[in-house]
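Visitor: With the hints as your guide, set chain B onto chain A.
Respectively, the protein sequence lines represent chains A and B.
Residue numbers 129 to 520, in this note's numbering, belong to the letters of the first sequence in order.
Residue numbers 129 to 520, in this note's numbering, belong to the letters of the second sequence in order.
Keep in mind that a hint or two might mislead.
It does not matter which identical chain is meant; a pair holds if it fits inside one copy or across any two.
[Said to hold, decoys possible] List of simulated lysine-lysine pairs, DSS-like, C-alpha gap at most 30 Å:
#1 Lys187 / Lys463
#2 Lys162 / Lys463
#3 Lys130 / Lys270
#4 Lys179 / Lys474
#5 Lys130 / Lys474
#6 Lys187 / Lys162
#7 Lys270 / Lys162
#8 Lys364 / Lys270
#9 Lys187 / Lys513
#10 Lys187 / Lys465
#11 Lys463 / Lys188
#12 Lys179 / Lys465
#13 Lys179 / Lys364
#14 Lys513 / Lys465
#15 Lys306 / Lys270
#16 Lys187 / Lys306
#17 Lys179 / Lys162
#18 Lys130 / Lys179
#19 Lys187 / Lys130
#20 Lys188 / Lys464
#21 Lys464 / Lys187
#22 Lys162 / Lys130
#23 Lys513 / Lys306
#24 Lys465 / Lys188
#25 Lys513 / Lys474
#26 Lys188 / Lys162
In case anyone wonders, no lab produced these hints; they're calculated from the structure.
Computed from a prediction, not measured in an experiment: that's the story for all the values here.
Protein chains: 2
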Amino acid sequence: MKLCGEIEVRDREETLINLDPIQSGGRLTAEAMKAVIAYGDGYSVCDACGKPFRLDTIKKPPLDAFHRDLAAFVHMDVARVMPGARRGFQAVTHTLVSPGQPVILTALSHYTAFLAVESAGGVPREIPMDGNHRITGEEAAKTLEAVTRESGSPPPLLMVDHFDYQYGNEHQVREIAKAAGQYDVPVLYNGAYSVGILPVDGEALGVDFVVGSGHKSMAAPAPSGMLATTSEYAGKIFRTTGIRGDRTNRTFGVKEVEMMGCTLMGATVMGMMASFPHVRERVNRWQEELENARLVARALSSISGTAILSEVPRRHTLTRADTLGSFDVVARTHKKKGFFLTSALKERGIGGLFPGATRVWKYNTYGLTRRQAEHVAASFREIAKENGIAVM
Amino acid sequence: MKLCGEIEVRDREETLINLDPIQSGGRLTAEAMKAVIAYGDGYSVCDACGKPFRLDTIKKPPLDAFHRDLAAFVHMDVARVMPGARRGFQAVTHTLVSPGQPVILTALSHYTAFLAVESAGGVPREIPMDGNHRITGEEAAKTLEAVTRESGSPPPLLMVDHFDYQYGNEHQVREIAKAAGQYDVPVLYNGAYSVGILPVDGEALGVDFVVGSGHKSMAAPAPSGMLATTSEYAGKIFRTTGIRGDRTNRTFGVKEVEMMGCTLMGATVMGMMASFPHVRERVNRWQEELENARLVARALSSISGTAILSEVPRRHTLTRADTLGSFDVVARTHKKKGFFLTSALKERGIGGLFPGATRVWKYNTYGLTRRQAEHVAASFREIAKENGIAVM
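Next comes chain A alone, as it looks inside the complex (with noise of 0.2 Å):
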C-alpha cells in the first residue's frame, strides 16, 4: 500500500517480530506516536519559547523539566538532546580533542566514534580486545600507558562503549574508567546500547560524559539522543558562545557552540520526552529481557553447528551468531540459497534479519514479550529440524 507517491506505508512493526539488530530499542511508545502527530511541525516547541531563547529552558512543553529529568536518569549533572549519540560524540571531541593528538577507544567501537575522533583531526588508538571479546581495564590501563609514554602527556579523551554494536558484549567500563582516572583522562560513555534500556549509572562508572540515543535505546524518533556530563565538563562541553560581529558588534546570547544552538526543535525531542516516562520504567525489566535473549541463544546454540559468538550467558539481548555450519551448509544447495532462512522465518511471523544472511550475524529480542520469544526459539529449532540438521 503505498502512502503518497512512492512512499510505501511502513509496517514492520505491525506485523512481524523484528529481530532487527538496531531498531528494537527505537520503536515509538504509542505516546511518542501522539507527540510526533501533535508537534509533527516545524519549529513546534517555539510557541512559547521566551527569554534567554534556548530549547533546554522551554517551559511549555516543559523541556526544562525534561533535561533535568535526563540528566537524573544517568546520574550525571546536566544534559543536553541532540541529533543523535554521534554528535554527542562530536560535541565532546571538538571540545577536547586537538589535531594531532591521540585518543583512545577500543577494538569494538562504533564507527561513529571513529568519525567523532577523525573530524577533530584526532589520531585513533584502540584498546584491545580479550579473547573473548571483551574490552578490560587491564587492557585499557595498558593502552593509556603506551599512549601516554609515547606523546609525553596523557591523551585528552578515552572513548567506551558499555556494550558494542557487534557482540552486544557488556565491557568493564567501571574499570576503565578507574584507569583513565590515574592519568586524568577523561571518559566518555557510549550508551547507544544501554541508555533508556538498562539502568545506566554513570557516576557509580566514574565517566565524565554519557552519551545515549534517542532512535536506537530511547524509543523516540531520528536523529535524537542524549549526553550528560559533570558540572565539572559542563561549561566545557556547553560553552555559550563568544563570537562578536566586528561590524554589529552582535553577540549571541545563552546560545552553545557545540551545540549548534538549539537542538531538537519539534518532532524528535517531542517523541522522546513522550516516551521518557515508559522509558524511565523499562530498563526495571532488564532482567527480564536478558531471560528472553538467553532462551533464544540458547535455542539457537542447541542447533548442531551453530555458536553465540557473542559472551554467554548473554548480558544483552543484541547477540551475534555464527551459523556457517548449520544453516549456511543448508544454503549451499537450497534453491532459495541463503534467503531459506529469512523466507522460513517470515513464514512464522519473523523478521528484521539481514536478507540472505546464514554465516555471521546479529539479531536482537529486545522488547519481545516472554511468547513472542519462545516462538522465535522454537522457530529457530524447527526450521533446522525441516533442514535436515541435528537439532539437540
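Guide: Relative to the frame of chain A, chain B by itself:
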C-alpha cells in the same frame, strides 16, 4: 487537553491563523503527517539498507532518488539531508576554515552561521548593510578586498543569506557571488528562508553551497535540512572517512566525515520526502504569497505611527514592523499593557506574534490564503481604530 503526562496537545495551527515569524514554512503537509506516523520509529528507513550502507543510497524508501531530487531542486550537483541548516553550515566551515582564518558573513547573518564559524575557530568579518538594510555586491567587494589585503590571501569562505531573519530583505546574492568569484572565494548560500518556499537556482546565482532548512521552509519535522554543492566541492565536503583502527586495522567504508555517517534515519527525512512534491510545487506560487505579504504590510502602514522596517514593496513574507508610535502608545495605558494587541488578535483568531510585543516585532504571512490575509489586514486596522489610533 493533555496529550500524555504534562504534555499539552498542540493546536496552534488548528485553532489560529499563525503569524509566527519562523513557523509557517515548516508546517507539515498531510503527506508528511502520514509519513511521520508510518516512519516514526527510530531507524525506520533502515529496513532495506544494503551495501554500501549509507542513507543516500537506500532505494526503499527511495531516499537515493530523493537526494537527487533535492540537488536538482536547487540546481546543484549533489545534495545531502542534514539535521538542520546549521549542521550544513558546520560541515562547510569545518571543511574549509582553519582556526584563525577570517570568514565573511554579513551584518544580517543568522546566529547559527556565526556559531558555525566559531566552532571552526574562524574569525567573523561582516559585510555591512546599506541604509535600506540590504547587503550589496558593492559592499561585499569592499569587505573581500579589505580582508584579503589584511590577511595577505583571500578568506576561505563567504556566507550570505538570500533573505535575512531580521527584516526578510532580499540581498544581492548574485552580485556578491560575482565579487567573491574574483577572489576565488567559495560562497555558501543560506536558504533557510527561501529553499522550499520560493524558486532557488544555485547555479544561476553562482554559489558553491546551497543550504536549506527542512523545519523552517520545507514542511518537515525538526531537525532537518539540506546541503547541496557542486561537483567541484562535493568531494571535499562529502569526503569519506580515511581513519583506521591502529589495532584492528578497521576502516569504515563510504561513511562521510562531516555528515557523521548517516544523518536523518527516520521520521525527519520521511516527513521531508513526503512533503517534497508539494514543496516543489508551492515555490511556484511565491508571487501569490508576496501579494498577501504586501496586503498585510500596506494595512499596517496605513495605521498612523506604524512603520514597516523591511524593504517595501515586500519581497518576502517575513516582515519587521515598528509600532512604537501606534500600538505601543496604547500599551502604555491599556490595562492589559502590551498584551492587549496579542489578546485582540486572538479574539479574531490570529496568533503567533511574540506575546506582549508592541514595539518592534516580526510576523510572517507565509501560507495564508488570500481570505486569511485580508482578515489579518482588516484586524490590524480594526484593533487600531478601536484603540483610538488614526487609520488612513
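Visitor: Now, for every hint given, state plainly whether the structure supports it.
Guide: Status of each hint after checking the structure:
no., hint, result
1, Lys187 / Lys463, "between (60 Å within a copy, 26 Å between copies)"
2, Lys162 / Lys463, "neither (45 Å within a copy, 39 Å between copies)"
3, Lys130 / Lys270, "neither (56 Å within a copy, 54 Å between copies)"
4, Lys179 / Lys474, "between (53 Å within a copy, 22 Å between copies)"
5, Lys130 / Lys474, "within (21 Å within a copy, 39 Å between copies)"
6, Lys187 / Lys162, "both (20 Å within a copy, 28 Å between copies)"
7, Lys270 / Lys162, "neither (50 Å within a copy, 53 Å between copies)"
8, Lys364 / Lys270, "within (28 Å within a copy, 37 Å between copies)"
9, Lys187 / Lys513, "neither (59 Å within a copy, 35 Å between copies)"
10, Lys187 / Lys465, "between (57 Å within a copy, 23 Å between copies)"
11, Lys463 / Lys188, "between (59 Å within a copy, 25 Å between copies)"
12, Lys179 / Lys465, "between (62 Å within a copy, 19 Å between copies)"
13, Lys179 / Lys364, "within (22 Å within a copy, 39 Å between copies)"
14, Lys513 / Lys465, "within (17 Å within a copy, 80 Å between copies)"
15, Lys306 / Lys270, "within (13 Å within a copy, 57 Å between copies)"
16, Lys187 / Lys306, "neither (38 Å within a copy, 46 Å between copies)"
17, Lys179 / Lys162, "within (28 Å within a copy, 34 Å between copies)"
18, Lys130 / Lys179, "between (44 Å within a copy, 25 Å between copies)"
19, Lys187 / Lys130, "between (39 Å within a copy, 15 Å between copies)"
20, Lys188 / Lys464, "between (55 Å within a copy, 22 Å between copies)"
21, Lys464 / Lys187, "between (56 Å within a copy, 23 Å between copies)"
22, Lys162 / Lys130, "both (22 Å within a copy, 11 Å between copies)"
23, Lys513 / Lys306, "neither (49 Å within a copy, 72 Å between copies)"
24, Lys465 / Lys188, "between (55 Å within a copy, 23 Å between copies)"
25, Lys513 / Lys474, "within (17 Å within a copy, 70 Å between copies)"
26, Lys188 / Lys162, "both (17 Å within a copy, 25 Å between copies)"
Taken one by one, the earlier hints fail for this structure at numbers 2, 3, 7, 9, 16, 23, listed in ascending order.
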